[in-house]
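Asks: Numbering-wise, the sequence shown is residues 263 to 767 according to the working numbering.
If you are wondering where the hints come from, they were derived from the structure by calculation, not from laboratory data. Ideal Cβ placement from N, Cα and C applies to all residues, glycine included. Hints are not guaranteed to be accurate.
Just the calculated beta-carbon pair ranges, DEER-fashion [stated by the list, open to error]:
#1 Ser271 / Lys674: 43 to 53 Å
#2 Ile643 / Glu719: 25 to 35 Å
#3 Asn377 / Gly333: 23 to 33 Å
#4 Lys295 / Lys651: 35 to 45 Å
#5 Lys651 / Lys368: 24 to 34 Å
#6 Thr370 / Asn280: 16 to 26 Å
#7 Gln319 / Tyr675: 48 to 58 Å
#8 His438 / Gly333: 43 to 53 Å
#9 Val677 / Ala591: 15 to 25 Å
Think about it this way: if two alpha-carbon atoms lie no more than 30 Å apart in a straight line, the pair counts; the simulated DSSO-like pairs of lysine-lysine are [what the hints assert, rightly or not]:
#10 Lys341 / Lys295
#11 Lys311 / Lys612
#12 Lys758 / Lys674
#13 Lys325 / Lys341
#14 Lys311 / Lys295
#15 Lys507 / Lys522
#16 Lys493 / Lys522
#17 Lys639 / Lys758
#18 Lys493 / Lys408
#19 Lys453 / Lys493
#20 Lys374 / Lys388
#21 Lys562 / Lys434
#22 Lys493 / Lys507
#23 Lys651 / Lys664
#24 Lys295 / Lys612
#25 Lys664 / Lys522
#26 Lys295 / Lys522
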Amino acid sequence: MASRNYIPSETIDEIRSNNDIVEVIMECGVPLKQSGRNYKGLCPFHQEKTPSFSVSQEMQVFKCFGCDTGGNVIGFLQKHEGKTFIEAIEWLAERANIPLPTTDAKLTTQRKKRNELSDLNRFAVKYYHELLRTGQHSQQAREYLKNRGVRSQTVNLFNLGYAKRQRNDLVKAATHQGWTVQQLVDAGLIKNEEHGPQDRFWNRILFPINNTQGVPVGFGGRSLSNEHQPKYLNSPGTVLYNKSKILFNLDKARQSITRKQFALLVEGYMDVLMLQQNGVENVIASSGTSLSEEHASLLKRYTPEVVIVFDGDVSGIQAAQRGLQRLIADGIRVRIALMPAGDDPDSFVKENGADAFNAVIDRAINLIEFQIQAAIKNRNIRKPDVKAKVVKDICEILVNIKNRVERSEYLKYTVRELGVDEGLLWSELRNLGLKDNPPRRILKHQKTASKKLSPRERIEFQFVESLIQAPELIPEIKTQFDYRDLSNTRLVEISKLLWEASTDG
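Taking the hints into account, I'd like the entire structure generated from these sequences.
Replies: What follows is the structure, encoded as structure tokens:
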């Protein structure tokens, strides 16, 4: 959407006066009932059973007396829809058919192209959806969804579609309706190949991918043949679709996320569909890509917490580590929920229902607690090199926690569970760039301990600490150095364990 550095206050006033706040709030999915001169309803910003959300049509403002959230129609769109101020103004201007001033011809051209491609995507969604519902060639796709337990209401809610085996089916249908080949290429719907333009998706069930406003920007396609790879294929990057900025189902889930104050992040489209079908509405997926800084910023508009739902594969969590750290760095709390062995959210909720699934979510634990518990369960935590790796992983999480009290509590938890010195944790955090100073007791202890060490012992401690942090260096060090030459007996014992762990592989 085109950005503007300045919109005259008179234009903003005109836009506000032409957008009734009651109508806008109800269009955004919040039911309201008239109560005297005002309108009342359940607050969309927190969970409640008794309506405390009040809207004044006379004053054109809203106020929740439960959570103290309030404002005008622009503020509502910012809070409820996650829009920036400019995005809210542009949305309201378009709703009221009020042109916004702009002298930038390039921006006007860009907006025109985006609008045209959005309309083209809407056409493609409708075309593919009708093929799935009624097409004579789509029986296999309908059977597949039926066997997976997907109801017709869910098919319609998500506008699921089907792309036929013919490689030029959409090309013909779209160009017949007046769209150009270049527009189809720009939308990522077709590819120019040696034998002419070909559909990007064929013999696939299609999951439309929407932006937060519900506008289709791309597709995810699931192959119906084992020989047809890859199994899942997403649209390429376009002017509308950037996978680092889009979260699947956020358009439908955002109200529930805002109300419940946490989002459920799952791995696949089918996980989202089956959870939504079973009444779990605050669920999203990242469309097969790791979480980005843009994803974190987007989620922060709606919630302070994200629960990551994994299927029990710890390696998958390790692979997602960097993305999870981005969430934490943006001030979002991260918890981990593990499905029972052999289950993913899709299979679990079908077999056990929403209540059982929600019970798993209720048991989700903080990322740091999870890392420590997983290390204790799956590794020989007594080995110094293993413990060092776990400590390093945890410190990479801790360094991103902005809240000092929260960070301090998890430091204490790590010390208690792993039996490591808090001073060493602070040293690692400082090495990772943390600017905060350790508590005075830590500094005092470090200063006292430093005075008791001889210059040689200080060097030896630094040497052994470097080996703990980089155990991959030990095999080469062993060929040049005998740990028994160390003067400090405690360091000799630690080094012996490092040597043995290195030999064990």
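Asks: If you test the structure against every hint from before, which numbers come out violated?
Replies: 4, 5, 16, 21, 24
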